[in-house]
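A.B. asks: Turn these sequences into a full structure, and let the hints steer you where they fit.
Chains as they are written, first to last, in my numbering: chain A, 1 to 224; chain B, 1 to 75.
For the record, the hints were derived by calculation from the structure and aren't laboratory data.
Nothing here was measured: the structure is a model prediction, and the numbers come from that model.
Don't take every hint at face value.
Computed from the model, here is a short list of chain B residues facing chain A with C-beta under 8 Å [to be verified]: (1) D21; (2) N24; (3) L57.
Calculated pairs, DSBU-like style, for lysine-lysine (alpha carbon to alpha carbon, straight line, at most 35 Å) [said to hold, decoys possible]: (4) K66/B <-> K220/A; (5) K69/B <-> K220/A; (6) K184/A <-> K98/A; (7) K220/A <-> K63/B.
Glycine is no exception: its CB is placed at the ideal position from the N, C-alpha and C atoms.
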Amino acid sequence: MRQSWWKILAILLLLYTIFAGLLMDVPRLPILNETIRALHFHVTMWFGMILMLMVSVYYSIRYLRSNNLADDDMAIEFTNAAILFGVLGIVTGMLWAKFTWGDYWSGDPKQNAAAIGILMYFAYLILRNSLTDLQQRARIGAIYNIFAFAAFIPLIFVLPRLTDSLHPGNGGNPGFNAYDLDSKLRMVFYPAILGWTLFGSWIATVRVRMRRVERVLEEKMINP
Amino acid sequence: MMMAFSLSALAQEKIPVTESDYSNNTVEMADRMRADGKIYVLVGVIGIIFVGIAVYLVSTDRKISKIEKSISPNH
Chain A
1 MRQSWWKILA
11 ILLLLYTIFA
21 GLLMDVPRLP
31 ILNETIRALH
41 FHVTMWFGMI
51 LMLMVSVYYS
61 IRYLRSNNLA
71 DDDMAIEFTN
81 AAILFGVLGI
91 VTGMLWAKFT
101 WGDYWSGDPK
111 QNAAAIGILM
121 YFAYLILRNS
131 LTDLQQRARI
141 GAIYNIFAFA
151 AFIPLIFVLP
161 RLTDSLHPGN
171 GGNPGFNAYD
181 LDSKLRMVFY
191 PAILGWTLFG
201 SWIATVRVRM
211 RRVERVLEEK
221 MINP
Chain B
1 MMMAFSLSAL
11 AQEKIPVTES
21 DYSNNTVEMA
31 DRMRADGKIY
41 VLVGVIGIIF
51 VGIAVYLVST
61 DRKISKIEKS
71 ISPNH
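C.D. replies: Take a look at the structure:
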């Protein structure tokens with residue numbers, strides 16, 4: 001395993017998240033009850049997704065400057081891992097919503113915006129796969145990725161706050177962040193964000209390395 | 001101006017979580033589950049699943065390292 005310290009850190013942080021997140025004392029709040037612990041699992045998916053999308057945008061910009069396919073590999077695989085986290089975020093959010101808001105999908109602005117965001121990234125994957133030329137795919141993909149990120153951030157951070165939302169801290173609704181994020185919860189929440197992000201990045205880098213090996217093998221087949 | 005003021009007032013309307021929220025026994029929590037409901041078994045189960053996934057990822061990582069070495073020995 002190359003440069004393994006951060007991978008070990010990811011595993012340790014997530015073991016801590018699972019044990020402390022499920023067992024530590026949490027505030028006893030009505031409606032939320034024990035589901036408050038989903039903070040360390042559902043909410044962190046979104047934080048991890050955004051952080052990985054930032055990495056992806058960084059590599060997309062780098063690709064546009066360098067035209068080096070190695071940068072494009074990083075961009076696409078970090079987006080893939082981010083999409084995985086996003087889908088898990090939506091599904092876990094639906095389950096959580098069923099037992100706290102009363103329905104899997106209540107057309108909440110943030111739910112809808114997150115769904116639109118995910119669809120945007122599905123479109124990114126389809127767009128890429130519809131192009132056969134590697135450089136063209138990487139270039140158009142990079143530009144799309146930058147614009148998708150620029151649209152995604154206001155979609156999930158700004159627009160839901162302008163209207164009434166069930167989501168905490170949006171539209172003055174006393175969901176969750178109406179409560180001050182408690183310092184005891186933070187002790188698990190922040191390590192959990194870091195742990196999940198590192199874990200996702202690990203998955204992404206393994207797949208990047210697969211792509212690079214594939215490319216070398218293809219080149220060897222073309223020019224033996 | 002007025003709007004900016006009311007917005008900042010809105011932001012301050014957070015309900016602080018206090019020590020009393022930790023001892024508020026009127027809210028149902030999984031207390032009995034913790035005492036005799038074998039919650040630790042569940043934590044163990046989730047822990048084992050996570051360790052399993054992590055081990056699988058480690059082995060995939062190792063495999064790809066080996067392939068990398070085989071295609072370019074000076075990698």
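A.B. asks: Would you mind marking each hint as holding or not holding in the structure?
C.D. replies: Now the hints, each set against the structure:
1. D21: holds, 4 Å
2. N24: Holds. Min distance 4 Å.
3. L57: At 6 Å from the nearest chain A Cβ, L57/B passes the 8 Å test, so the hint holds.
4. K66/B <-> K220/A: holds, 18 Å
5. K69/B <-> K220/A: The given pair, whose Cα atoms are some 15 Å apart, holds under the 35 Å limit.
6. K184/A <-> K98/A: holds, 26 Å
7. K220/A <-> K63/B: Between K220/A and K63/B the Cα gap is close to 20 Å, so the pair holds against 35 Å.
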